[in-house]
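Chain order of the listed sequences is A and B.
Residues in the first sequence are numbered from -11 upward in steps of one, following my numbering.
Residues in the second sequence are numbered from -19 upward in steps of one, following my numbering.
Read the hints as simulated data drawn from the structure, not as lab findings.
Where a beta carbon is used, it is the ideal one built from N, C-alpha and C, also for glycine.
It cannot be assumed that every hint is accurate.
[Said to hold, decoys possible] Below, simulated EDC-like cross-link-like pairs (lysine to aspartate or glutamate); rule was C-alpha separation at most 20 Å, straight line: (1) B/K45 x A/E27; (2) B/K16 x A/E27; (3) B/K195 x B/E142; (4) B/K70 x B/D46; (5) B/K50 x A/E27; (6) B/K137 x A/E27.
[To be verified] Negatives, chain B to chain A, calculated, CB over 12 Å: (7) S9; (8) D68; (9) E134; (10) G144.
Each chain, letter by letter, is given below.
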Amino acid sequence: MKRFSLAVILALVLTSCSPTPLPLPTPTFTPTPTPQPLELVVLHTNDTWGYIFPCG
Amino acid sequence: MARRASFVKEIRNKYENVLLLDAGNTFWSDVPLTRKTGSLIIVEAMNIMGYSAAVLGEKDLTLPKDALGKIISTANFPILSANVLEEDGKPLASPYTILEVKGHRIAILGLTGLPIPPITGYRVLDPLETGRHYIRNLKGQADIVIVLAHTGGEIAKELGDEDGVDLVVWGGVSGQNPGPFWNESNASLTIIAEVPTPGHAGREVGFARLNLDSKGRITHYEWSTTSLTPSFPDDPAIIGLIQRYGGP
């Protein structure tokens, strides 16, 4: 019985040390977008004073 | 507004990345139809045009509080002011907004000029001091910093001197040449669409075409203003809005 228990323990230890590869997460590489040079148009208004139709 | 909308459409058809900004004193009015609508006709027209952001001018603060609240809540775009507080110290509007364009983070900070004479109902902090405080903080959050300032030309120019500022779009009274001012030391541009004079309102739109490098610094600019002459057709959506409110 003692010999059987030792065999079971040995089997368990060997199994746990087996070279079966662990399922490692696949690295996903998401590059941070590097801003590129930009053409930006800024349209701007001011002091409209609630005028619906242009005047002046 | 109807001609302005046509012009904006024309520019959007031509260029990919367009911001449409308003530098203040836009909602206050002595125009009967605008007053009758509590200036909602103006904010709705700006919604149709797709404004990116606007700042409150000091004249806008003289509107009844409920009307101003309704304007801010009706706008589909942020109406900004970093230096106007309610009497209890809460900000009246968002201090700034951050937009993303092609991987660039663009901060737009709103500053309102000091009302003369002072008004009741709000605490208006010094725009220059408040501006400096926010600019310091925004530098780390965005690679392009635009100040939208209804502060007049002198303060606008001082804001343009601040490290980290790329563009100042201003409104209000100018004591100096209202043309574009390029600051070589920090590569910032300071511009105004039109200087308020009697009979001027809604006549001009400013146009700035900026080339920015990958770090968001202006490397080249072109700037001009366009007079909204009758050669610009009336945009049907704006005409429809005006008629809905009982206008001609």
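Right, here's what the structure says about each hint:
1. A C-alpha spacing of about 39 Å is found between B/K45 and A/E27, which places the hinted pair above 20 Å, so the restraint is violated.
2. Of the pairs offered as hints, the one joining B/K16 and A/E27 is violated, with about 41 Å between alpha carbons and a cut-off of 20 Å exceeded.
3. Taken as a hint, the B/K195 and B/E142 pair is honoured in the structure, with Cα atoms around 17 Å apart against an allowance of 20 Å.
4. Using a Cα cut-off of 20 Å, the hinted pair B/K70 and B/D46 holds, with the two alpha carbons roughly 16 Å apart.
5. Between B/K50 and A/E27 the CA atoms are separated by roughly 35 Å; this puts the pair beyond 20 Å, and the hint is violated.
6. At most 20 Å may separate the alpha-carbon atoms for a hinted pair to count; B/K137 and A/E27 exceed this at roughly 24 Å.
7. Not every C-beta of chain A lies more than 12 Å from that of B/S9, the closest at about 2 Å, which undercuts listing it as non-interface.
8. Chain A leaves B/D68 outside its interface by the beta-carbon criterion, the shortest separation being 28 Å against a cut-off of 12 Å.
9. Its beta-carbon lying about 16 Å from the closest one in chain A, B/E134 satisfies the requirement of being farther than 12 Å from that chain.
10. Against the 12 Å criterion, B/G144 stays outside the reach of chain A, whose nearest CB is about 16 Å from its own CB.
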